[in-house]
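Protein chains: 4
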Amino acid sequence: MVTEIKYIEKPELNNPVLIEGLPGIGNVGRIAISYLIDKLNAKKFAELYSPYFFPLVIVNPNSEISGLKIEFYYYKGKRDLIFLIGDSQPVEYVGYYRVCKKILELCEEFNVKEIITVGGFGIGIEKQKPRVLGALINLDDMKKYKEAGVYFGKENPIGTIYGVSGLLLALAKEKNMRGCSMLGETIGYPIITDPKAAEEVIKVLMKLFDLKVDLTDLNESIKQLEDFLKSIEEKTKHLSQQLQPKAEGYYDYIG
Amino acid sequence: MVTEIKYIEKPELNNPVLIEGLPGIGNVGRIAISYLIDKLNAKKFAELYSPYFFPLVIVNPNSEISGLKIEFYYYKGKRDLIFLIGDSQPVEYVGYYRVCKKILELCEEFNVKEIITVGGFGIGIEKQKPRVLGALINLDDMKKYKEAGVYFGKENPIGTIYGVSGLLLALAKEKNMRGCSMLGETIGYPIITDPKAAEEVIKVLMKLFDLKVDLTDLNESIKQLEDFLKSIEEKTKHLSQQLQPKAEGYYDYIG
Amino acid sequence: MVTEIKYIEKPELNNPVLIEGLPGIGNVGRIAISYLIDKLNAKKFAELYSPYFFPLVIVNPNSEISGLKIEFYYYKGKRDLIFLIGDSQPVEYVGYYRVCKKILELCEEFNVKEIITVGGFGIGIEKQKPRVLGALINLDDMKKYKEAGVYFGKENPIGTIYGVSGLLLALAKEKNMRGCSMLGETIGYPIITDPKAAEEVIKVLMKLFDLKVDLTDLNESIKQLEDFLKSIEEKTKHLSQQLQPKAEGYYDYIG
Amino acid sequence: MVTEIKYIEKPELNNPVLIEGLPGIGNVGRIAISYLIDKLNAKKFAELYSPYFFPLVIVNPNSEISGLKIEFYYYKGKRDLIFLIGDSQPVEYVGYYRVCKKILELCEEFNVKEIITVGGFGIGIEKQKPRVLGALINLDDMKKYKEAGVYFGKENPIGTIYGVSGLLLALAKEKNMRGCSMLGETIGYPIITDPKAAEEVIKVLMKLFDLKVDLTDLNESIKQLEDFLKSIEEKTKHLSQQLQPKAEGYYDYIG
Chain A
1 MVTEIKYIEK PELNNPVLIE GLPGIGNVGR IAISYLIDKL NAKKFAELYS PYFFPLVIVN
61 PNSEISGLKI EFYYYKGKRD LIFLIGDSQP VEYVGYYRVC KKILELCEEF NVKEIITVGG
121 FGIGIEKQKP RVLGALINLD DMKKYKEAGV YFGKENPIGT IYGVSGLLLA LAKEKNMRGC
181 SMLGETIGYP IITDPKAAEE VIKVLMKLFD LKVDLTDLNE SIKQLEDFLK SIEEKTKHLS
241 QQLQPKAEGY YDYIG
Chain B
1 MVTEIKYIEK PELNNPVLIE GLPGIGNVGR IAISYLIDKL NAKKFAELYS PYFFPLVIVN
61 PNSEISGLKI EFYYYKGKRD LIFLIGDSQP VEYVGYYRVC KKILELCEEF NVKEIITVGG
121 FGIGIEKQKP RVLGALINLD DMKKYKEAGV YFGKENPIGT IYGVSGLLLA LAKEKNMRGC
181 SMLGETIGYP IITDPKAAEE VIKVLMKLFD LKVDLTDLNE SIKQLEDFLK SIEEKTKHLS
241 QQLQPKAEGY YDYIG
Chain C
1 MVTEIKYIEK PELNNPVLIE GLPGIGNVGR IAISYLIDKL NAKKFAELYS PYFFPLVIVN
61 PNSEISGLKI EFYYYKGKRD LIFLIGDSQP VEYVGYYRVC KKILELCEEF NVKEIITVGG
121 FGIGIEKQKP RVLGALINLD DMKKYKEAGV YFGKENPIGT IYGVSGLLLA LAKEKNMRGC
181 SMLGETIGYP IITDPKAAEE VIKVLMKLFD LKVDLTDLNE SIKQLEDFLK SIEEKTKHLS
241 QQLQPKAEGY YDYIG
Chain D
1 MVTEIKYIEK PELNNPVLIE GLPGIGNVGR IAISYLIDKL NAKKFAELYS PYFFPLVIVN
61 PNSEISGLKI EFYYYKGKRD LIFLIGDSQP VEYVGYYRVC KKILELCEEF NVKEIITVGG
121 FGIGIEKQKP RVLGALINLD DMKKYKEAGV YFGKENPIGT IYGVSGLLLA LAKEKNMRGC
181 SMLGETIGYP IITDPKAAEE VIKVLMKLFD LKVDLTDLNE SIKQLEDFLK SIEEKTKHLS
241 QQLQPKAEGY YDYIG
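Protein chains in written order, with the numbering used here: chain A, 1 to 255; chain B, 1 to 255; chain C, 1 to 255; chain D, 1 to 255.
Accuracy of the hints is not assured; some may be wrong.
Identical copies carry no separate label here, and so any pair may be met within one copy or between two of them.
Said to hold, decoys possible - Result set (DMTMM-like, lysine to aspartate or glutamate): computed pairs, CA atoms no more than 25 angstroms apart in a straight line: (1) 154 to 12; (2) 102 to 47; (3) 173 to 220; (4) 69 to 92.
Hints in this document: simulated from the structure, not taken from any laboratory.
Given only the sequences and the hints, what does the whole structure look like? Please build it.
Here you go:
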């Protein structure tokens, strides 16, 4: 089994921008992009499968299973958009490269020239109005993103961006694509979902692409996600204890 | 060396169901399926070898070695069955995918359309009568499994299923197969073999496939397994100390 | 770069036995086989290179470097022998398979039908006269090895054999080869080189293959090895601290 | 994506020597070679990309991203030189082999017959005048390097050289190339950048290749690097917490 994309349909898109929101610090990207998909009624058109996800299956509350994957949605607006969300970052260092490379193949297929990656940036404190920090493939784009509300300080506090949000831009740069990483400031505990940081990122994207999105449901939506995440976390505690086999304490043989 | 299946014979099977029982929480799957194989006198017809098992060999009490592998047995009854047991889960995340993919190739070979995976679900307490919790590829099958005794609550307590029991269903779903994971409730310490949970799973399978199996030997059988597992565990403690080489404390050079 | 064998020469050998002695518990195999190579004046004819060794180079006392590898020596006697020694076990689970598979390719090249693997078996205590415990591919060979001094108890205390000594036999069994693992009882601390266990193994091999080897130098030889191993260990302590890069505390960027 | 080299130009070089300086103990190699590149005005002609670097992107102070890579510079002098620097050692054991093999392909392309690797050797104490310890592929070269100031003691204190500095020489030896590893004595804490050790290495290289380099800026240059490294380190602390996904505490699912 290799990393592969399965298409549900191949929509006609005009110069689309890909916007990535996988789980990460504060779940900022995952929340923001999920909310946009929901409110804009974006349509799923492709799924990415890979052996570089955890070897597990998710069981939904209705007892139906679903495997880990990345999903692609499209939205046709003033500017066509492709949203990317998923249940998990890849596993293993090489897995990040395999998955990002495959995402870039989809970009090529749809002639994507610009990528936005969304995440959180841990600052250790809670801010009333978190900023959206930016990092660019090409500095010529700074003005555009600045006007939409992205902050580029004199000395960028971001040192490195780890995971798909960072690597996807690095590999896009090699292909002469353009792009921006938008990181909402958040307290930085991975387990705490941060609605305020997500809201700030959504506002930037609304301005950038002239999107009309009602934000009143965001807090309620996040509340539900938090409850769900918490319950998943408790459930998986049982499962995860020592399940990954180890040579130490090898006790599974039955003659 | 790649992951591969070696056939002892290729039996004629009519619309068989594959039932998986590898080691895991409470060893529920391993015990239940081993017992069924024994009592139904199922016949081994194939073995799966893989570089994604521990690099070790098991030494049987009679001093004969045997390598880690997964074994396939068939049983011809009202419904033909393929049983899958083994000594170990795979190692490394990618190993789970390689092994599960190879199992699905065997399924294709025998036209298997339905997979049942058996395991334990840790609940932290001991129950007098553990339930068998279910998770389905396709909700249309719920009635059938419910009638055989599988529990599907309003809010499924299973959050995720880790390992071959989970991933095999996830990959089977992509191939439009049907299937169910049956997890016997157990206290959830991997080292404690749970006969009661295994018994409940066996009863479900007996009802589902109209199997006649004498359960009176189960406790005795499990008692022996426990003794054996405990002795293996003690023996491997010696072997496992620092045997996996590490760059730290590299001391093996002899000029 | 792949795992490969480079031949210095291809000697004519008559039905040779391969005898493996890589580093491991008590360094029993490494010491015993190195000593035999030295005293029998066995001749190196091949080297195995692999990306599944540590990414490091050894610096000899004379300042010359030498990379990690496995070496093959041959000895023509009443029974032709191929000795296998090396500086290190492989790294990563899959690495063991790649290396063992390559060793078996050499076996095929020289028509080797029998493999002996030598190691230590940790028993937690020091014995005046350690036994040499055995495990067999095929029980028909028990008499032969027993007569040479290998111990096969009623209940073999060996539960599993980890590493090349174990896996090589497991994979040889799949190819219908014969073979025996000989594990000298030793206290079981990897860092302590055990001359007595090595001596007992050498005696078994002398008897088995009618070898004339003067054992008087063994203690002196081991003394030197121990000093050398200890000095290597101290030196590598400096090198190994945090050298394997980690994402945590990533501090290596220079603009 | 595979490990690959992208050429900016292919300069005409006459019997060049490759000199490697990746991050490591005391950052000796990275500092020394960066300084030489800067002062000799060496010109970048190639970049090496690999999936065996961390899956992250570096954000420069001006908010521009840059992916992890290894860079090659050339300098035409009395002896033509190729300098190799980079942001990071590879990840995963196999990654070291893939990257070193690719570097050797570049060497073949430019007919490089000699490789020098530069690093630090931790001695646990701070010395007023650190020595530059050497290790050689071929002892015939000892005189040449000794005259340039490299120390080869009676009993080389270097036991092993871990990482690209070591493995590159090991693999070069297999190709019958010549070469030397030069390790400046340093206290050995990876986080402490050691200007004195770097200076001693630079002096050796100046003498060896008759280079004119003004050393007065070295301390200032290192001071800036240290500040930068420290700030990067603090920034990445936020990012690195639990970002690498783990099955334990899997909490990222959003329904």
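Taking the earlier hints as the rules, which of them does this structure contradict? Of the numbered hints given earlier, those the structure breaks are 1, 3, listed in rising order.
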